[in-house]
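Given next are the chains, with one letter for each unit.
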Amino acid sequence: QKEVEQNSGPLSVPEGAIASLNCTYSDRGSQSFFWYRQYSGKSPELIMFIYSNGDKEDGRFTAQLNKASQYVSLLIRDSQPSDSATYLCAVSPGYSSASKIIFGSGTRLSIRP
Amino acid sequence: GAVVSQHPSWVICKSGTSVKIECRSLDFQATTMFWYRQFPKQSLMLMATSNEGSKATYEQGVEKDKFLINHASLTLSTLTVTSAHPEDSSFYICSASGRSGNTIYFGEGSWLTVV
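Going down the list, the protein sequences come from chains A and B. Note that my numbering numbers the first sequence so that position 112 is 112, with each residue one more than the last. Note that my numbering numbers the second sequence so that position 50 is 1050, with each residue one more than the last.
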């Protein structure tokens, strides 16, 4: 079983709609959870991180965490063509940046005009 | 914001040779650096964690004698791929974190092609 699992996609969403990305993880001891966006051939860039159960909103992005279900999701509202990218879910066993981050394989998101 | 720079951004080398990739933190002291490898359409796979002045901690399945990591200063870590083979061709990415805060910064990545 992979430590962090994501549907590889592609997920196609019309412009302006809500894109929903999901992720499950196997290590119950995971403490920090991240969503990164990666454009082809580029390094990942951090979109959001979440530590506590519940929702965390930042602009058009909402991260949701359910530790009991070992489930993390990312909602993108008012999707734009520029949101088309691969979205990587990542988890860490610690709360500090000195802890290693394990990445999922990513979900390719395509926003169609 | 903090910047982590990798060099070279791409390199082509002959099979059997060694190649070094540098990862520098430009405006903060990086106490911890991470090295990842990413094959096309796959996720980032953590190779090793290095703390300044200490030996790197390698992930299971990563050959420490083939992928030499040096973190000799608080602003520089290097990854040397020794006796490179075509299957080592990949995108190598470093990330770094400092003493304060809880943010990790990624380098731009380095494309390695072994021919």
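Keep in mind that a hint or two might mislead.
Unchecked claim - Chain B side only, calculated, beta carbon under 7 Å to chain A, not exhaustive:
# : residue
1 : Leu1046
2 : Thr1049
3 : Ile1093
4 : Phe1106
5 : Glu1108
6 : Gly1109
7 : Thr1113
8 : Val1115
Keep in mind that the hints were calculated from the coordinates and are not lab data. Built from N, CA and C at the ideal position, the CB exists for glycine as well.
**Asked** Should the hint that B/Val1115 touches chain A count as held when the rule is a Cβ pair under 7 Å?
**Response** Violated, because the Cβ-Cβ distance from B/Val1115 to chain A comes to roughly 19 Å (cut-off 7 Å).
**Asked** Against chain A, is B/Gly1109 within 7 Å by beta-carbon distance?
**Response** Interface hint status for B/Gly1109: holds (5 Å vs cutoff 7 Å).
**Asked** Regarding the hint that B/Leu1046 lies at the interface with chain A, is the smallest CB-CB distance below 7 Å?
**Response** holds (6 Å)
**Status of the hint placing B/Thr1113 at chain A (closest C-beta pair under 7 Å)** = violated (13 Å)
**Request:** Have a go at the B/Thr1049 hint: is there a Cβ in chain A nearer than 7 Å to its own Cβ?
**Result:** holds (5 Å)
**Prompt:** Holds or violated: is there a CB of chain A closer than 7 Å to the CB of B/Ile1093?
**Reply:** At about 5 Å, which falls below the 7 Å cut-off, the nearest Cβ of chain A leaves the hint on B/Ile1093 intact, so it holds.
**Item:** B/Glu1108 as an interface hint toward chain A, with CB separation required under 7 Å
**Value:** holds (5 Å)
**Item:** chain A contact restraint on B/Phe1106 - CB to CB distance below 7 Å
**Value:** The hint holds - B/Phe1106 has a Cβ within 7 Å of chain A, the shortest such distance being about 4 Å.
The structure fails to meet hints 7 and 8 from the earlier list, while all remaining hints are met.
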